[in-house]
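Put the two chains together into one complex, using the hints given.
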Amino acid sequence: MRKILIGAALAAVALATPAYANLSVFACEPEWGALASEIGGDKVSVYTATTGAQDPHQIQARPSLIAKARSADITVCDGAELEIGWLPMILQQSGNSRIAAGQPGAFEASRYVRLLEQPTRLDRAEGDIHAAGNPHIQTDPRMMLPVAKALAGRFAELDGANAQFYAGREANFEKRWNAALAKWTAEAAPLRGVNIAVQHHAWIYLENWLGLHEVVPLEPKPGVPPSSGYLAEVLQKLQATPAKFVIRAAYEDDRPSSFVSEHAGIPAVVLPFTVGGTDQAKDLFGLYQDTVNRLLAGLKK
Amino acid sequence: MKFIARSLCTFTLLYFMAAPVFADEAADLAVIRAQLNTLQHEYSSKIRSLEARLAKAEDEAKAAREAAAEAGKSATAAQATAQSATLTAEASTTALQQAIAEAPPPPPAPPASNNAFNPGIAAVLNGFYVASSRDTQNTHLRGFATGDEAGLPLRGFSLGESEVSLAANIDPSLMGFLDFSIKDDNSLSLEEAYIQTKDLPGGFTLKAGRFLSGTGYLNERHAHDWSFSDAPLPYRAFLNSQYGDDGLQVRWLAPTDQFLEFGAEIFRGDAYPAAGAAHTGQGTVTAFVHTGNDINDSSSYLAALSYLHSRADNRDTSGHFFTGNDDLGILSFVYKWAPAGNPTVRNLTLSSELFYGHEGGFYDGTAFSQNRFGWYAQGVYQFMPQWSFGLRYADLGTSNPGPALSGSLLDDLGHAPRAATALLEYDTSEFGRLRLQYTHDESDLKPNDTLMFQYTVIYGPHGAHRY
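Line by line, the protein sequences give chains C and F.
Everything in the first sequence is counted per the numbering used here, starting at 1 for the first residue and increasing by one.
Everything in the second sequence is counted per the numbering used here, starting at 1001 for the first residue and increasing by one.
Pulled out of the complex, with its shape left as it was, chain F reads as follows (with noise of 0.2 angstroms):
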């Protein structure tokens, strides 16, 4: 009974609905002729169909609207004519759209504004909390006189580095990029801003202002880039967590399936372990090979064997002075692993570095010579979307530095720095990235538990990352 009490309203409402929707008809058929013509000289064929299925629901309209004209006995039929009718001039209209869409699109219009040359800014935030047993400030590394970059984060709540970047294409054949960074104590720090060239030929690429060098593999990526909170204990020791400069890099990629790169810089050498921008402003020089390949479907690696020479003249490390040379050469090995090559649900990164070195020259007017070396080893596994656990373990040593500077920064007292550390990281989208780091560390006579909690976000136009 209710149906059909359902029934009848439904009919009563189309058929009075009928009248306006006819008229509506007409006008969409005129569009429709109209979108036709402009259309036949390319769809001629397509059309001539259409055509014929318009004519067809142009019928069944006229059908249906003289059926409605004789009104009220046959409600029902017309209702149900004019359905059709609709559905089919409804179809019709579909295959045109379609029609239209396989039509180029027209090209888009140019931005008008005149920001559109804008670069892209992007913006790096951070945030740590960190709660260790001894005060992270007051910690050495035994053995090596480090820089003012070496430690870790401040005890407590604090920002560490917060970056902001813009990058442009300056022209067609040059492309600039700037980054600079605000520290916990508000100082400003100009990290790199370089020209890099895009077209020159032979698979060269020069690049020149401030950067990060490309020895190593950790090196050249920005610290929000590390798998690790902090970076390993032998970056800390021997290149104050990371050496940037002011220089000159020139980079030849062979042609070659097998990655296969060539580097060599020149810096200022004013960033530790130079100092004083030596040999007239060029104390530092570095040569780097890296090469790489895929092992196969699932695993891929990079190799790189780096040389970085600088000179010291009055290195100030917390009031001890170093002049000297600094000899570096680092090993670096990563392989990456990921089912079938696609890393969204789990992938595996193991990477290690060795480094071994020799400094030699006057410690506080001491002669002294020196031997050292360091190595990390760390593996990060996303067993997850989102979610990933790490392992870290890094070594540090150095030679005796000889009785005159026994009991100096230099001097390790029998005691070679190591550490172990552990790593849960949620990942809320590849823009933002929440860690959670313990790390047992004995790089001091006493050792320290740290355990900090980071928060690391991206925004703007965040290029793409390095392998």
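Next comes chain C alone, as it looks inside the complex (with noise of 0.2 angstroms):
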């Protein structure tokens, strides 16, 4: 038994020499994770938490993420209380001072956008809100140039050797974006004004940068999933004012979505909702190229 224990902590020493980076991130979804690569390039090593067929507000606090989570330099979420259920534990048990909330090394992206759907009562019976406001800002690609510039900032504070070369990707980041917002807003443009319903609230800030009007969510609060009852009322809802397609992320069940796409005689799109989400969004730019396609297609269905 000793000699498996010592086996096992001469194993540890020797896997414990780093591979070279100067930042070790810990990103907490992929959406941040693609972020977090297009700023630091081959001077961080990025690794993403969660995956695009996961809910980002389930995540079991698994070994391997507190494993991750104790050599980490700096975590990049979404913050919000998104992460509420699982990310602190994992904090906890990584022992990691410098990742703690408060520190330098733990980046919020949503700190640096306004975010909107702030709760006016913090109530459980309200369902699964959150304090903060609806944290789900990456719907929106707008949302990315003050969030990219943020944590250039970031990592030129705990990396400042490197400071130039993030504030160089950075700006060039920023210059790409701005290019491919145009493109995509220019080919978003039949969307507006568009009647659609949504599985969870979590389309706010798409619905606002392409001016889709939700008419109906397929969940009775935040979180709470819909009982028969309720997608019963959803559909007299569609009735009384039609949808042209229901929405969904690529983690969701899709039962309430087909469910209703079926009995409303209306498309249901599924979309990637971050990065990996769907096999088209490989990176940030095929993320909202995707969900604009996807979206241009549920309307000539």
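The hints are simulated quantities; they were obtained by calculation from the structure and are not laboratory data.
Keep in mind the model is a prediction, meaning the values are calculated, not measured.
Note that beta-carbon positions come from the ideal geometry of N, C-alpha and C, so glycine has one too.
One should not assume that every hint holds.
[As the list claims (entries may be wrong)] Computed footprint of chain F on chain C, listed as stretches where at least three residues anywhere in the stretch have a Cβ under 8 angstroms from a Cβ of chain F:
1. 79 to 87
2. 93 to 102
[What the hints assert, rightly or not] Here are the simulated DMTMM-like pairs of lysine to aspartate or glutamate, each with C-alpha atoms no more than 25 angstroms apart in a straight line:
3. K175/C - D159/C
4. K175/C - D254/C
5. K221/C - E1430/F
6. K1183/F - D1246/F
7. K1207/F - D1327/F
8. K68/C - D1297/F
9. K282/C - E187/C
10. K237/C - E117/C
11. K282/C - D1327/F
12. K1198/F - D73/C
13. K221/C - E262/C
14. K183/C - D283/C
15. K237/C - D254/C
16. K149/C - D159/C
17. K300/C - D290/C
18. K1198/F - D123/C
19. K221/C - E187/C
20. K1207/F - E1220/F
21. K68/C - D1257/F
22. K221/C - E1220/F
23. K301/C - D159/C
24. K282/C - E262/C
25. K1207/F - D73/C
26. K68/C - D1199/F
27. K237/C - E214/C
28. K1198/F - E157/C
29. K1207/F - E1192/F
30. K301/C - E187/C
31. K1198/F - D159/C
32. K68/C - D1294/F
33. K43/C - D283/C
34. K237/C - D128/C
35. K1198/F - D1257/F
36. K300/C - E214/C
37. K43/C - D1257/F
38. K282/C - E1220/F
39. K1183/F - E1161/F
40. K68/C - E1220/F
Below is the structure:
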């Protein structure tokens, strides 16, 4: 037994030798992992804790995540309580004070934009609400600009030697992003004013960007799964105010939107929601291009 | 006919509304211009295009106003133009608001109240209804002299334990946690009261105070965090359901991609299986190693090996006294599965722990030496959101304590305790839970069938759960 333990300890030390990269980034969601790579290039090594197939609200605090957080220099997360069900446990068990809340190594994207849907009533009877506002800011690509700027600043703060490098990559990203934004916005023009239904209250920023009009959500309260009675109400609302299509994130259970799609006779549109959510959403640019493409395709159905 | 009449009404109405709209519009335009000035430096390029659109809107509004001034004859046209002017102006306003939305928000105002530093307070409420073929308070785990917390909830309605916890950071280096529970008989007990370090270098964490030992898998999880309504048989028999005591813990997390954690503890030795704070109040020592990782996108595991040594000085178990040493080793394995790592809709947790121990010393003054073992295996499957189903099997065994103790509690009378449990759970949310649990228990000489209905709710800022 003792021999095995000593062997394990030796193996641990051997594995501990860090791979070369100035900053080790623990990204909570794929979109922030992708942004960290855009800004950090080869000066950072990015580990993304979740995939596009996972619900970022509900992640198990798995041993692998704790092990990765142990050696991270910075966490790049959404914030606004999106990760409250799992990240605090990982931070606590990792014992890594560099990434503790409030440290320069704890970066929260939602702090750099104006959050919408700030609740006026903080009460769990209202469902899964977030005190700071709706955290799903990545559904609007314009949000990437202030976040990219802030992230470059934070990388520079932690790794001063490469401050120029990060600023340069950020400027380059901003240029390419603005061009892409103009393209997507132009392409998405037919979507302005279109009525839609949504499965989870996760699309307010997308609606804001493209001028989509949300008729009804398929959940009675944020994060509360719909009962069949509630879905009947939804169908009634959709009869009074027809929607063009119903959208859901790739990670979500397809049953509520399939049910409504079938009974209201409108297409269900699956959006990537984050990088890796669909095969086409390979990187940040692919994410929004695919989102616009899928919405436009929904319009034609 | 009806349509024409309605249209006429609408036009007339809109015509009369048009005049005040123009006045408001003029005021709005002034406000927009003021906003433009302040934002000009940051958004000069954007502003230029917006200004162009504004100017156009103004022209159109002016044209509309003039058209309206000509009155009656072309009310329809004026209304249409005014509407389009309003729309354009609105579009400009929206564009501006979007421009503002992109600006970083002002720093949030600090909370002014003097209770802003209050700790996070969470409460756990519990309730049981138990129907059982035999009195749950009068059954023994054959072969084991168990502690006072090893039993099942009372027959009929009861509360079990209601818990209140207070957690907060004390300063940048320390956090504090206090948890007390109120039992059925209104007695208050301090379950945990510890401080823990936050910023030790090198992956070390220290914990001091009263806390639940990191031994085994279930032990350091609070009862409301267990998958079943009661602890499995080995925990009840070996650890009085849960071992917590006053002491010191050190943990070290290895800097590897494979989760690898080592821990050691030293305790006062006042809680079962220890007693009497032997060795001048350092009666229990433990050591454990945890390791785990992802197997693939959908599944992950955690394995643990733990050792607990405790000394008992006159341990009182229902009027019988034990003095001696207790050694216990626990091998734990937990496996979790969720499709693509997304547990929202379906997920499965399998876990199993193997207990092997030895107790030796004097039981009611009689020398003895006894080997003890136990194990359980359980699985809980969430088959759709909010609903899960579970099964558990547990088994215990002891060696013969010798002829002098035959017929005592340590003698299993040829009957090894075992129990099989089935569970159906409905979660109202992640904070509320209803459980129906059925157990066929053969831990005493005569089997006991127990049906347990339990609710558990958590309110307040309840922290994230362990794996």
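Hint-by-hint comparison with the structure:
1. 79 to 87: holds (count 4)
2. 93 to 102: holds (count 6)
3. K175/C - D159/C: Distance ~23 angstroms between K175/C and D159/C Cα, so the pair holds.
4. K175/C - D254/C: violated (37 angstroms)
5. K221/C - E1430/F: Roughly 14 angstroms separates the two Cα atoms, so the pair holds.
6. K1183/F - D1246/F: Within the cut-off at roughly 20 angstroms; holds.
7. K1207/F - D1327/F: holds (23 angstroms)
8. K68/C - D1297/F: holds (16 angstroms)
9. K282/C - E187/C: Roughly 20 angstroms between the alpha carbons, so the hint for K282/C and E187/C holds.
10. K237/C - E117/C: Answer holds: K237/C to E117/C is near 22 angstroms, not above 25 angstroms.
11. K282/C - D1327/F: This hinted pair is violated, its Cα atoms lying about 55 angstroms apart.
12. K1198/F - D73/C: holds (16 angstroms)
13. K221/C - E262/C: Distance ~22 angstroms between K221/C and E262/C Cα, so the pair holds.
14. K183/C - D283/C: It holds: about 17 angstroms lies between the C-alpha atoms, which stays within 25 angstroms.
15. K237/C - D254/C: Cα-Cα ~20 angstroms, so holds.
16. K149/C - D159/C: Given that 25 angstroms is the threshold and the Cα spacing comes to 15 angstroms, the pair holds.
17. K300/C - D290/C: holds (15 angstroms)
18. K1198/F - D123/C: violated (30 angstroms)
19. K221/C - E187/C: With Cα atoms ~33 angstroms apart, K221/C and E187/C exceed 25 angstroms; violated.
20. K1207/F - E1220/F: holds (13 angstroms)
21. K68/C - D1257/F: Holds, because 6 angstroms separates the two Cα atoms, which is no more than 25 angstroms.
22. K221/C - E1220/F: Violated, because 34 angstroms separates the two Cα atoms, which is more than 25 angstroms.
23. K301/C - D159/C: violated (50 angstroms)
24. K282/C - E262/C: violated (30 angstroms)
25. K1207/F - D73/C: holds (24 angstroms)
26. K68/C - D1199/F: holds (17 angstroms)
27. K237/C - E214/C: holds (12 angstroms)
28. K1198/F - E157/C: holds (22 angstroms)
29. K1207/F - E1192/F: Holds, at roughly 11 angstroms.
30. K301/C - E187/C: Given that 25 angstroms is the threshold and the Cα spacing comes to 17 angstroms, the pair holds.
31. K1198/F - D159/C: Holds, at about 23 angstroms.
32. K68/C - D1294/F: Between K68/C and D1294/F the Cα gap is close to 12 angstroms, so the pair holds against 25 angstroms.
33. K43/C - D283/C: Cα-Cα ~18 angstroms, so holds.
34. K237/C - D128/C: Answer holds: K237/C to D128/C is near 23 angstroms, not above 25 angstroms.
35. K1198/F - D1257/F: holds (21 angstroms)
36. K300/C - E214/C: holds (18 angstroms)
37. K43/C - D1257/F: Status holds; Cα separation ~20 angstroms.
38. K282/C - E1220/F: Status violated; Cα separation ~41 angstroms.
39. K1183/F - E1161/F: With a Cα-Cα distance of about 5 angstroms, the restraint between K1183/F and E1161/F holds, given a limit of 25 angstroms.
40. K68/C - E1220/F: holds (23 angstroms)
The structure does not agree with the numbered hints 4, 11, 18, 19, 22, 23, 24, 38 stated previously, though it agrees with the rest.
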